[in-house]
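Novice: Here the protein sequences line up with chains Y and F, keeping their order. Heads up: the first sequence begins at 4 in my numbering, then just goes up one per residue. Heads up: the second sequence begins at -15 in my numbering, then just goes up one per residue.
Worth flagging that the hints you see were computed from the coordinates, not collected in a lab. Every residue, glycine too, gets a C-beta built ideally from N, C-alpha and C. Misleading hints may appear alongside valid ones.
[To be verified] Calculated lysine to any residue pairs in the SDA-like style (CA-CA distance at most 20 Å, straight line):
#	chain 1	residue 1	chain 2	residue 2
1	F	K22	Y	K55
2	F	K84	Y	G99
3	F	K84	Y	Q100
4	F	K22	Y	V41
5	Y	K55	F	T82
[To be verified] On the chain Y side, residues computed to face chain F include the following (Cβ under 8 Å):
#	residue
6	T8
7	G45
8	F48
9	N62
10	S89
11	L91
12	F106
13	G107
Residues per chain are reported as follows:
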Amino acid sequence: DAGVTQSPTHLIKTRGQHVTLRCSPISGHKSVSWYQQVLGQGPQFIFQYYEKEERGRGNFPDRFSARQFPNYSSELNVNALLLGDSALYLCASRRGQGYSAFFGQGTRLTVV
Amino acid sequence: AQKVTQAQTEISVVEKEDVTLDCVYETRDTTYYLFWYKQPPSGELVFLIRRNSFDEQNEISGRYSWNFQKSTSSFNFTITASQVVDSAVYFCALSDLTDKLIFGTGTRLQVFP
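Can you make the complete structure from the sequences, with help from the hints?
Specialist: Encoded structure:
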């Protein structure tokens, strides 16, 4: 079975631009979460979706948004990119609430 | 507020040495979960273990073992007979019933041949 897949793996954007990151969960998993990992830090929670509904949001500005599709895949959108948005963005999937989270390889975003 | 502290920023050992990675957590919840993840240079977080707050039994999986002590709010991870392939950043994490993971800052383990 395929694990969590994220695309693209690397991305370079200019300040002020918009970016969309994509995540496909493990087959059968209905919950997707997004995390931001700045270099040298632990991942920080951004969003959690379960059955296409937002179930949690971390302390991130409104420039960050996400959604989950009927096939349980998910997109993370970031508007008006800042240099500080440069990070590794990780997607995690769970079978459901209370289950362990499994992570993808991440999308490394560089804002210049 | 929930918090995870990994006081060891970096540890270096020689192959075959045993090494323990420390994790101390803070939470007011009575039901919570503790995790360890491994992050190799490729970036992917690899799930290692999940324990719930009601199960204080220590666990051993091959060369890996975990010591959960509620009395000291610690969930330490020991690698026995370390190998070069164990070199990575290791994260301890805590979650409540919302499944939101709170990570520590990680411990970078370098195993030299």
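Novice: For the pair supplied as a hint, K22 of chain F and K55 of chain Y, is the alpha-carbon distance within the 20 Å limit?
Specialist: violated (29 Å)
Novice: Given the proposed pairing of K22 of chain F with V41 of chain Y, does the C-alpha separation stay at or below 20 Å?
Specialist: Since the Cα atoms of K22 of chain F and V41 of chain Y sit roughly 16 Å apart, the hinted pair holds (cutoff 20 Å).
Novice: Given a cut of 8 Å on the nearest C-beta pair, is the interface hint for T8 of chain Y held or broken against chain F?
Specialist: violated (11 Å)
Novice: For the pair supplied as a hint, K84 of chain F and Q100 of chain Y, confirm whether the alpha-carbon distance does not exceed 20 Å.
Specialist: holds (10 Å)
Novice: Let me know if the C-beta of N62 of chain Y comes in closer than 8 Å to any C-beta of chain F, holds or violated.
Specialist: Nearest chain F Cβ about 11 Å off; hint violated.
Novice: Tell me if the interface restraint on G45 of chain Y is satisfied: Cβ within less than 8 Å of some Cβ in chain F.
Specialist: holds (3 Å)
Novice: Using 8 Å as the Cβ threshold, decide whether G107 of chain Y counts as touching chain F.
Specialist: Holds: closest Cβ of chain F sits about 7 Å from G107 of chain Y, inside 8 Å.
Novice: Interface hint check: F106 of chain Y, Cβ to nearest Cβ on chain F, cutoff 8 Å. Holds or violated?
Specialist: Status holds, d = 4 Å.
Novice: Against chain F, run the beta carbon of S89 of chain Y and see if the smallest gap drops under 8 Å.
Specialist: This hint is violated: S89 of chain Y lies away from chain F, its Cβ roughly 14 Å from the closest one there, beyond 8 Å.
Novice: For the restraint on F48 of chain Y, tell me whether the closest CB of chain F is nearer than 8 Å.
Specialist: With Cβ-Cβ at 5 Å, under 8 Å, it holds.
Novice: Compare the distance between the alpha carbons of K55 of chain Y and T82 of chain F with 20 Å, and conclude whether the hinted pair is satisfied.
Specialist: Between K55 of chain Y and T82 of chain F the Cα gap is close to 16 Å, so the pair holds against 20 Å.
Novice: Report holds or violated for the interface hint on L91 of chain Y, using the least CB-CB distance to chain F and a cut-off of 8 Å.
Specialist: Result: holds, 6 Å to nearest chain F Cβ.
Violated hints, in rising order: 1, 6, 9 and 10; the structure is consistent with all others.
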